[in-house]
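Peer 1: Listed below are the residues making up each chain.
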Amino acid sequence: MSAESLATFPMGGIHPREGKELTEKLAVEVMPAPKQVSLFLKQHVGAPCEPVVKKKDKVTEGDLVASTERLGAPIHAPFSGTVKGVQNALHPMVGNAPALVIAADKEEGEEKSYSQADWTQMSKEELLGKIKDAGVVGMGGAGFPAAVKLTIKPGVKLDTLILNGAECEPCLTSDHRLMVEYAKDIVEGAKIILKILEIKYCAIGIENNKPDAIEALKQAIAQSGSPQDGYNIVVKPLQVKYPQGSADQIMQSITGRARPSGVRSSAIGIIVQNVYTTKAIYDAVVYDKPLYERIVTFTGKGIERPANLMVKVGTPLSQIVDYLGGMTPDVAKVIVGGPMMGFAVSSLDVPVTKTTSGVLFLTKDETDVQTHYPCIRCGFCVSVCPMGLQPNEVSVFVEAGRGAETEEFGVDDCFECGTCAYVCPAKRPLVQFMRLARAGIAASKKK
Amino acid sequence: MSGTQAEATTVEEAGKASPPKFFVSVSPHFKNTDTVSKIMWTVVACLLPPLILSVFIFGFQTLIIALVSVASCVGTEYVANRALNRPTDTIRDGSAVITGLLMAYTIPPGVPYWMPILGGVMAIYITKVLMGGIGYNIFNPALIGRAFLVATYPVAMTSAWLSPIRDASVFKYMGAGVDAVSTATPLYVLKHYGLAEVIERFGSLSVIYKDFFLGWRPGCIGESSAFLVLLGGLYLIYKKYVSWHIPVSVIVTVGFLTWVFGGETLFTGKPILAILSGGVILGAFYMATDYVTSPTQPMGKLIFGFGIGALTVLIRLKGGYPEGVCYAILLMNAVAPALDNWFKPKRFAPQPEEGA
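Sequence lines, in order, name chains A and B.
Position in the first sequence (from 1) plus 60 gives the number in the working numbering.
Position in the second sequence (from 1) plus 668 gives the number in the working numbering.
Next comes chain B alone, as it looks inside the complex (with noise of 0.2 angstroms):
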């Protein structure tokens, strides 16, 4: 019985064609080189001089609290991801490690260690794991998780800045309590005693520009050198990795707009002094930018650009916050599908009437 079925399969077989012999799989067969975690890595490494620097600036806590916030980022996914029974292999695309440097440059150094622990529970597992991953987040991770430890400790958050060091004791800081050494930062000052107190406390105008387009004045890490941060951000666009349109759009609309109704009068505000200050550069490259979260459309990425500059202004003369770049992205990173479903690309060839 067994020797009969087992010739029937051979007949049949003999007319079926041979089992594969090679790799199949659908077309195209030739891909680029550029993966998703090689964006996010390039991205990272974008971000590291910055945060070097920073160490000369505020001393080594600063790079303690970035370790600590990559961990807390990356644990957070990997444990959050084994809790749920995802695949935990996502922890090696680097984009856990951006959410953690991002989040680490956007608060002041002078927080105690425990609290980046804490924002980068909140931006992995709520703002991005529970979403659905990587892809499916509505709001930037590392901003959640500042705005998240902004509304919970409001005193360390807004008022642990530390004076720029001068003269390269790198570990001035360390243990120090954050009120023996806080200090305010220009925003600060400028929104509660005025462009002369900037001055006066900064030193004149182009001394100011100097000082914070290389970096050396009070702020987070990711404030403190507008150039590096900067050149980072340019080598991202000229790797196509990221479009001109939002970094372009951010940064005009916040100059203009300050230049507009920053000043005692119209037109009087000053623009520069307004893009070198807090952290409309990074959020312009870095956050803004962020592919998830933010259109693809050049007309879209335009307008949402515009929003965000627009949004920044507002809550930096009319808002109760010194700086308000990070609400500006967050409050945009909503309309961002919006947008998407407004400007759609422009199809090849009109298309044919309906029912036609």
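Bound-form chain A, shown alone (with noise of 0.2 angstroms):
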């Protein structure tokens, strides 16, 4: 298939080097459960989950153990054992961050089973229920509650579902195995999420780099019986371009809508999803299993063996490493997402959580630990920015102690996709500063 027939979004964009041949051939593999995990009780977006369970409780395998009434998805334990209580654990995007302990029984507990149950005799009230009661969230970074983005508004009109696998981040592959791996499911899933929102049309997105994903999908539809059974589901190649896996521009890419500054993607009568959270839909409906393991990638030239592993949501990475052979001596950075819009963390006591796709172990000469240089005014940033924003303009306001006065530069459109600071000659933090704008914006608000 040649590039110029490929879907993709118009305005911006990069190519950074995909670095994903460490992994993408590699099954995932199914790491034994650690002694401990520690589980944040805010995995999500909304506000933190309260502990339903007491220090020396025993737990098994899927049992809830915190929840909230408010804006929120539950949390399950993910194995057996005895709560320890809530103790601080190292976040990697907030620092510190209160999260419920549980200790492994000394005994190996045997592996839960589930049934299966048919989910097309299930009413939508029923759907959205086991979906809420899963503690399924948006799996691919954002964390937002699955259950609460499903149910629509009445009045709301939808035509089409998206399923995210483009897995633009460069060097992640959990998507894309999981793609290859559980096809079945993730065509399964979306029947589901048609039949919450009543509509027909599904589309799955995913960059043309994956060609064993898009032929694995594409069995998986033609076995499920679509497009007899009524359900239209398709699969969409998509040019490889960073962002291509942001939603604005992969409903771009499919539907050639853009959505309007400050609305939801259902006002333009979209619903993105991303595949892994579609799969977990899947699991909690015909299982009832909820939401608490996960593929991630553990990739990078700093890390001994790069997997594909099935971990246990709330295994720290320090566990993790040891049971792929430990780090190489010259690691040097250790981020918890992608490269892009990954996080850099301090030291391996972080837990995996329930939207942590990869870990990557980069070295020495792979880290940029340049000082960035004055802006000077190529105007690269512009021509890649996929929102049309100037990242160079605001920049050099917020070097000045002007970040209040950025606003016309759209800087709330920003979603910190970092294509401007690759591509900045300078060197300089765009995605920082672009940050402190918008806390300068915030904070002249509120005055």
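Derived by calculation from the structure, the hints in this document are not laboratory data.
Each residue gets a CB set at the ideal place from its N, CA and C atoms; glycine is no exception.
One should not assume that every hint holds.
To be verified - Where chain A lies over chain B, by a calculated footprint (3+ residues, C-beta under 8 angstroms):
1. 689 to 695
2. 712 to 725
3. 735 to 743
4. 918 to 928
Stated by the list, open to error - Rough simulated footprint, nothing fancy, chain B against chain A, three-plus residues with beta-carbon under 8 angstroms:
5. 345 to 351
6. 363 to 374
7. 444 to 454
Said to hold, decoys possible - Below, computed lysine to aspartate or glutamate pairings styled on EDC-like, alpha-carbon distance capped at 16 angstroms:
8. A:Lys278 with A:Glu248
9. A:Lys487 with A:Glu453
10. B:Lys1012 with A:Glu468
11. B:Lys1014 with A:Asp473
12. B:Lys689 with A:Glu467
13. B:Lys699 with A:Asp425
14. A:Lys505 with A:Asp472
15. A:Lys505 with A:Glu465
16. A:Lys192 with A:Asp123
17. A:Lys244 with A:Glu275
18. A:Lys487 with A:Glu426
19. A:Lys349 with A:Glu468
20. B:Lys1012 with A:Glu121
21. A:Lys95 with A:Asp165
22. A:Lys255 with A:Glu185
23. A:Lys278 with A:Asp219
24. A:Lys349 with A:Glu81
25. A:Lys255 with A:Glu186
26. A:Lys361 with A:Asp425
27. A:Lys361 with A:Glu81
28. A:Lys217 with A:Glu258
29. B:Lys699 with A:Glu476
30. A:Lys85 with A:Glu241
31. B:Lys1014 with A:Glu468
32. B:Lys699 with A:Glu465
33. A:Lys184 with A:Glu121
34. A:Lys296 with A:Glu258
35. A:Lys361 with A:Glu426
36. A:Lys487 with B:Glu868
37. B:Lys699 with A:Asp178
38. B:Lys689 with A:Asp472
39. A:Lys95 with A:Glu121
40. B:Lys699 with A:Asp390
The two chains are supplied separately, each in an independent frame; assemble them into the complex guided by the hints.
Peer 2: Quick look at the structure:
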């Protein structure tokens, strides 16, 4: 298939080194349960959960351990063990955050088995209830509670469900392996979502560097009995261009529609779900299985054995690193997430969350330690920004202490994809300048 | 007492995270390999072939002028930053070297060697350092340096041209006085004596086109070979360091307006002669495209280039100088911030109404 015929977004974008070769062919491997897990009480958009178990309580795999009445998603025990209480743990984004600690039982508990249910007989409310109870959140990184996203206000007219399998972040392959190995579950999950949304059309967007995933999903669709069963599910190969997997960009690539600033995607008739969220919805509905484990890519020159691992949510990185044979001596930077939008962490005490798609171990030569230079007004950042913003101007304003005056440059539209900082020849931390500008605007509005 | 305190600290820290083991920075963690100095030194490399050729056309002193000019610019940047207590490592980024080369490329090769020293101080200290250093200057430093020299030493700057050497005696003009060797540039002849006289002095139009393209004509270093200047400029476009908008709009505008207004009657001007003579190609590819002093948006760039082309032709045909590229670019430099203000990038989606 030639590049021209592939769907893509028209404005901006870059082609960073893909870096997926280390793990894209490695089948998902199940990591044995760790000795202890730390479950952050907030792993989603919304309010933190309250623990529903006490210290020294015995829990078994899949038990509810924390929940909230407000916007959020409940949290479940990833294995059978004993609650040790709430302690602070190191969070990749917010520093220290409260987490429920559960220690594994001495004797190996047997794997919990789940029985299959027929979702076609369930009502829309029943389906949404199962998704909510299973604690499913947007697993592409946002962590928005899935049941809330799929509860559509009356009067909103939808026509398209987009499953986001672009995985445009370099180095990450967890969604790729999921699509290859769990294609049937994803297609079934898509039908569940279509039933909830009461629409028929679903497009699965995948960057064209994953031909095996595209093939696997096409086969799964054909075997699932579509389109004879009334559901029209198609695979849309997309041009490899970062940030193809951003919600605004993938909606435009597939439907040609651009979401106006400040409204939800449902306003233009579209709901976007990550492919992994779709698989989690399938597990929640068909098996009543909560979200407490996920595939995470561990890669980079800094780890002895790169792998796609099925790990329990809450497993500390240190235990996973031990399982993978340790780090190389020249490891310099550990990043939770992808190289474009991920967060560098200062230690391996960080646990995996529901939204952790990968962990990168970069060596010294892959780490950028340059100090930044004054802006030379080359305009490269403006030409690659997928949202049509002016990071150059914003950065100069922020440097001059005038971040509050940057609203006209549209900093609210910035989703921190990092393309600007990627191309900047002066190596300016433009994403950080954008964040500071946003903070400046927020502070001035409070006054 | 101190023991209790120490204990308290340990207990308090026990609950906290262990000290950083890894390098931490903000995303993105991948960046491409282009840096400011890599781009600047690439431009320097692209500028070198015309300089080397100029040694064979006008003799060895073009090299000396270029070296003096570069040394003056780099030296001024170092001394000025040192005196102002600013970091001096900017001299390694190559931008002062470009300024030095471009200034040397726009002054007549027969001027005394001290002249570019003066121009370099003007270009770097007044135009760049005092404005805030790299990224903050409004005008192109090299052209301000040249304009300053033209205003201060008009005779030398408009008459110290040398006839091309055809016998490879590269030391021919060394030490010779300016008056002894000065000649007129084709643009000067065209302005004051007309096209017939140009053909009389420099050969038929086809000979002129060939000589001008390859470089055998009186002029400054940067005018010597349109071919080599063009080659370097095209490489910068290929590397995506420079976008096509400004060079194309400058050259097309100069050609078109000269064709319309440059002849005895309308539509009889000689566009190719106009493009090949003077500093059009050098200015279009290397000076008008200076990041700091040009607009960043495609539409702004096209208008910027059009303005340069139109002003160049206006100065050539109606102004007091035979060549107008330098002033045309400087005038448009002043408009660049306004062009950036008027032509903003197209946003991803329509913005919500105010107050909606």
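Peer 1: If a hint holds in the structure, say so; if it doesn't, say that too.
Peer 2: Hints versus structure:
1. 689 to 695: holds (count 7)
2. 712 to 725: violated (count 0)
3. 735 to 743: violated (count 0)
4. 918 to 928: violated (count 0)
5. 345 to 351: violated (count 0)
6. 363 to 374: Per the Cβ count (0), the hint is violated.
7. 444 to 454: Since 7 is at least three, the answer is holds.
8. A:Lys278 with A:Glu248: holds, 13 angstroms
9. A:Lys487 with A:Glu453: With a Cα-Cα distance of about 15 angstroms, the restraint between A:Lys487 and A:Glu453 holds, given a limit of 16 angstroms.
10. B:Lys1012 with A:Glu468: Cα-Cα ~11 angstroms, so holds.
11. B:Lys1014 with A:Asp473: holds, 13 angstroms
12. B:Lys689 with A:Glu467: Violated, at about 37 angstroms.
13. B:Lys699 with A:Asp425: Between B:Lys699 and A:Asp425 the Cα gap is close to 12 angstroms, so the pair holds against 16 angstroms.
14. A:Lys505 with A:Asp472: holds, 14 angstroms
15. A:Lys505 with A:Glu465: holds, 11 angstroms
16. A:Lys192 with A:Asp123: At roughly 14 angstroms apart (the allowed maximum being 16 angstroms), A:Asp123 and A:Lys192 satisfy the hint.
17. A:Lys244 with A:Glu275: Within the cut-off at roughly 12 angstroms; holds.
18. A:Lys487 with A:Glu426: Holds. A:Lys487 to A:Glu426 sits at ~15 angstroms (cutoff 16 angstroms).
19. A:Lys349 with A:Glu468: Between A:Lys349 and A:Glu468 the Cα gap is close to 47 angstroms, so the pair fails against 16 angstroms, i.e. violated.
20. B:Lys1012 with A:Glu121: Distance ~55 angstroms between B:Lys1012 and A:Glu121 Cα, so the pair is violated.
21. A:Lys95 with A:Asp165: holds, 8 angstroms
22. A:Lys255 with A:Glu185: holds, 11 angstroms
23. A:Lys278 with A:Asp219: violated, 21 angstroms
24. A:Lys349 with A:Glu81: violated, 32 angstroms
25. A:Lys255 with A:Glu186: Cα-Cα ~12 angstroms, so holds.
26. A:Lys361 with A:Asp425: At roughly 10 angstroms apart (the allowed maximum being 16 angstroms), A:Asp425 and A:Lys361 satisfy the hint.
27. A:Lys361 with A:Glu81: Satisfied, since the Cα-Cα distance of roughly 12 angstroms is no more than 16 angstroms.
28. A:Lys217 with A:Glu258: holds, 10 angstroms
29. B:Lys699 with A:Glu476: The hint holds at about 14 angstroms.
30. A:Lys85 with A:Glu241: holds, 11 angstroms
31. B:Lys1014 with A:Glu468: holds, 13 angstroms
32. B:Lys699 with A:Glu465: violated, 28 angstroms
33. A:Lys184 with A:Glu121: violated, 27 angstroms
34. A:Lys296 with A:Glu258: violated, 21 angstroms
35. A:Lys361 with A:Glu426: holds, 9 angstroms
36. A:Lys487 with B:Glu868: violated, 55 angstroms
37. B:Lys699 with A:Asp178: Answer violated: B:Lys699 to A:Asp178 is near 48 angstroms, above 16 angstroms.
38. B:Lys689 with A:Asp472: Cα-Cα ~34 angstroms, so violated.
39. A:Lys95 with A:Glu121: holds, 14 angstroms
40. B:Lys699 with A:Asp390: violated, 20 angstroms
Taken one by one, the earlier hints fail for this structure at numbers 2, 3, 4, 5, 6, 12, 19, 20, 23, 24, 32, 33, 34, 36, 37, 38, 40, listed in ascending order.
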